[in-house]
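Peer 1: What follows is the residue order along each chain.
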Amino acid sequence: MPQYPQVLFKNRKPNRVATLDEYRESGGYQALEKFVGGGISPKEIIRLVGESGLLGRGGAGFPAGKKWASVPDSAAFPRYLVANGDEMEPGTFKDRMLLHVDPHCVIEGMILSGYSFSGSKAFFFVRPSYESSSVIFERELEYARQAGFLGNNILGTDFSFDIVVHRSGGRYICGEGSALLNAIMGKRPNPTKPPPYPTEKGLWDKPTVVNNVETLANVPHILRNGPEWFKELAATPHGAGMKLYCISGKVNVPGTVELPIGTRLSEIIDEHCGGMAPGSEFKACLPGGASTRFMTRKHYDIPMDFDDLKAIGNRLGTAAVMVFDHKTCLVGATLNLMEFFARESCGWCTPCREGLPYMRDLLWRIENGEGKEEFIPNLRTLCKEVWNSYCALAPGAAEPVISLLDLFEGEVREHISQKGCPFHAKADH
Amino acid sequence: MLPDALKLKLEKMIAEAESPREKAIDVMFEIQELQGWMSDEAMVEAAALLGMTPLELEELATFYDYIYRSPVGKYVIKVCDSTLCWMEGHQRVIDYVSARAGVPMGGTSPDGLFTLLPVCCIGYCDRAPAMVINKRVYGKLSPEKIDRILDKLANKAEFHESE
Chain A
1 MPQYPQVLFK NRKPNRVATL DEYRESGGYQ ALEKFVGGGI SPKEIIRLVG
51 ESGLLGRGGA GFPAGKKWAS VPDSAAFPRY LVANGDEMEP GTFKDRMLLH
101 VDPHCVIEGM ILSGYSFSGS KAFFFVRPSY ESSSVIFERE LEYARQAGFL
151 GNNILGTDFS FDIVVHRSGG RYICGEGSAL LNAIMGKRPN PTKPPPYPTE
201 KGLWDKPTVV NNVETLANVP HILRNGPEWF KELAATPHGA GMKLYCISGK
251 VNVPGTVELP IGTRLSEIID EHCGGMAPGS EFKACLPGGA STRFMTRKHY
301 DIPMDFDDLK AIGNRLGTAA VMVFDHKTCL VGATLNLMEF FARESCGWCT
351 PCREGLPYMR DLLWRIENGE GKEEFIPNLR TLCKEVWNSY CALAPGAAEP
401 VISLLDLFEG EVREHISQKG CPFHAKADH
Chain W
430 MLPDALKLKL EKMIAEAESP REKAIDVMFE IQELQGWMSD EAMVEAAALL
480 GMTPLELEEL ATFYDYIYRS PVGKYVIKVC DSTLCWMEGH QRVIDYVSAR
530 AGVPMGGTSP DGLFTLLPVC CIGYCDRAPA MVINKRVYGK LSPEKIDRIL
580 DKLANKAEFH ESE
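Going line by line, the protein sequences match chains A and W. With the working numbering, the residue at position 136 of the first sequence is 136, and numbering never jumps. With the working numbering, the residue at position 159 of the second sequence is 588, and numbering never jumps.
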């Protein structure tokens, strides 16, 4: 199996969390000492992270440096940072791993990010099923405060910054940037459409930067080793950095692996996940979580990077690779995904609230032997209509459906003509 | 209604926030820790502490999966029914838990110990099928493992599982 340098996972230990001392021994908090302790201009951090080509790891792939730079110099104070650790997209569990491997890497990244736009407080937003991560994180925050890395007058400078854990009540929509801000403010977490952008008017109308946990964890490493080093980590010439891929489904060893961004799907599955599970053949995967498109064997060798997936009309998303085998009914899988999206719709806007249950109903009927030919064009129309919704939840929900119809129309038609699921007798679920 | 000690704790928590209602979920979690669910009386008291109307708090209480507006058992078992757990036989887990704990989906066992609910992806897809009980997650479930977990909980002992 090809071996790569580990950056985010370099302190990974079997069954325990890396300590503050272990993180420091591996070079941790050096970037904080150099940039914050040394009084280097925040603009320099933004420049270096911008040059590194770090793209947001939460799904949208927005350049991290550009986001920080979009906080206007003249903007009001206080300014807030939100680390988005909601991670409720089915198939995605990389941020949980990161918090259980090396929490100080996230903490240092958050402080440096806050310094870059003169923030003073950060919220670490986390879902209820990650309570163990919250407990670890709160404990380690306290150690960071005791060491003088966090809190008032960090490293004796006049920069003060603190981090609090904000526990969610548990809904997928809270991971959406604008809904997330409403959730923190104790309002119903409906998404809102920009402008104004949160970097101008976010939490309590103050400038707020929302970053994914993995994005933030990359920052100390970039600042310590330089943007060129970060770029060269990638497997593709256009990519930058390492990536946490979380692989689940019908592979031998599911889990999270840190690989150069742009590592080929074939290598990820065959080498790093021990190949397909016994008796399973690769049929398709969702390359980046529940709101990406099914990808067949045709693209088995694709470099798993933002640009390469975009080039085939797909998305890297959260790099949560969900692997389906030849015995899995993809109508059933898509129905399950739609159950998720329909249930998790916040209900604020009509196309999503009404459209997703309608799609679920059509898929349910196809899967359960009540399908009709006209459901196929109906589903295609609905996939377009849900783009009229407020946020990206419903368009994301349409992605697996549209790719089911494009790539597996035969399988869908078989359900309709046979009046039932052809996998039902064969499958074990 | 709310014990004074809890009220003091909640007031302190709220005072540390940027704005009171930021702590709405934490306040409801604390109350549920004590009495299991959010009764109408608790909603009124919590809303007053948070500077919200009971209706504004209701808007949040009914929105979130982990806030309960009806009585629940001591242990709320939520079996994940999203894609990876579906693929690994989540229905078998639901059926087994239901039979073993003597509780239908959505119901609470007569002894008040267990409530069974569905939940969407809990982020343990590498350990499917998985479930969450109160806020602790259990993965790679088999009938034997479910037996061990439920037995321990029924005997008021913690079932520990390494990450």
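It cannot be assumed that every hint is accurate.
[Stated by the list, open to error] Pulled a few chain W residues facing chain A out of the computed Cβ check, cut under 7 Å:
| hint | residue |
| --- | --- |
| 1 | Glu451 |
| 2 | Tyr495 |
| 3 | Leu513 |
| 4 | Cys550 |
| 5 | Tyr567 |
[What the hints assert, rightly or not] Computed far set for chain W versus chain A, every beta-carbon distance over 10 Å:
| hint | residue |
| --- | --- |
| 6 | Ala453 |
| 7 | Leu478 |
| 8 | Leu479 |
| 9 | Ser511 |
| 10 | Thr512 |
[To be verified] Derived list of chain A stretches under chain W, where covered just means 3 residues or more per stretch with a C-beta under 8 Å from a C-beta of chain W:
| hint | stretch |
| --- | --- |
| 11 | 122-133 |
| 12 | 147-155 |
| 13 | 262-268 |
| 14 | 288-295 |
| 15 | 310-316 |
| 16 | 329-337 |
In case anyone wonders, no lab produced these hints; they're calculated from the structure. All residues carry an ideal CB built from backbone N, CA and C; glycine is no exception.
Peer 1: If I take the minimum Cβ distance from Leu479 (chain W) to any residue of chain A, is it greater than 10 Å?
Peer 2: Leu479 (chain W) is in fact no farther than 10 Å from some Cβ atom of chain A, at 7 Å.
Peer 1: For Ala453 (chain W), is the shortest CB-to-CB distance to chain A above 10 Å, so the non-interface label stands?
Peer 2: violated, 4 Å
Peer 1: Check whether three or more residues of the stretch 310-316 of chain A sit with their beta carbon closer than 8 Å to a beta carbon of chain W.
Peer 2: Coverage by chain W is violated for the stretch 310-316 of chain A (0 residues, Cβ < 8 Å).
Peer 1: When the nearest CB of chain A is found for Tyr495 (chain W), is that gap smaller than 7 Å?
Peer 2: Cβ of Tyr495 (chain W) sits 5 Å from chain A, so the hint holds.
Peer 1: Tell me if chain W covers the stretch 122-133 of chain A under the three-residue, 8 Å CB rule, please?
Peer 2: holds (count 6)
Peer 1: Is the hint on Tyr567 (chain W) kept, meaning its closest Cβ partner in chain A is under 7 Å away?
Peer 2: violated, 11 Å
Peer 1: Go check the stretch 147-155 of chain A versus chain W for me, would you? Three or more residues, Cβ under 8 Å, otherwise it fails.
Peer 2: n = 0 at 8 Å, threshold three: violated.
Peer 1: Go check the stretch 262-268 of chain A versus chain W for me, would you? Three or more residues, Cβ under 8 Å, otherwise it fails.
Peer 2: violated (count 0)
Peer 1: Per the stated criterion, does the least C-beta distance between Ser511 (chain W) and chain A lie above 10 Å, as a non-interface residue requires?
Peer 2: violated, 4 Å
Peer 1: Counting residues of the stretch 329-337 of chain A with a beta carbon closer than 8 Å to any beta carbon of chain W, are there 3 or more?
Peer 2: Check passed, 4 qualifying residues.
Peer 1: Using Cβ atoms and 10 Å as the threshold, tell me whether Thr512 (chain W) really stays out of contact range of chain A.
Peer 2: violated, 5 Å
Peer 1: At a threshold of 7 Å, is the proposed contact between Cys550 (chain W) and chain A supported by beta-carbon distances?
Peer 2: Hint on Cys550 (chain W): holds, closest Cβ of chain A at ~4 Å, below 7 Å.
When the structure is compared with the earlier hints, violations turn up for hints 5, 6, 8, 9, 10, 12, 13, 14, 15 and for no others.
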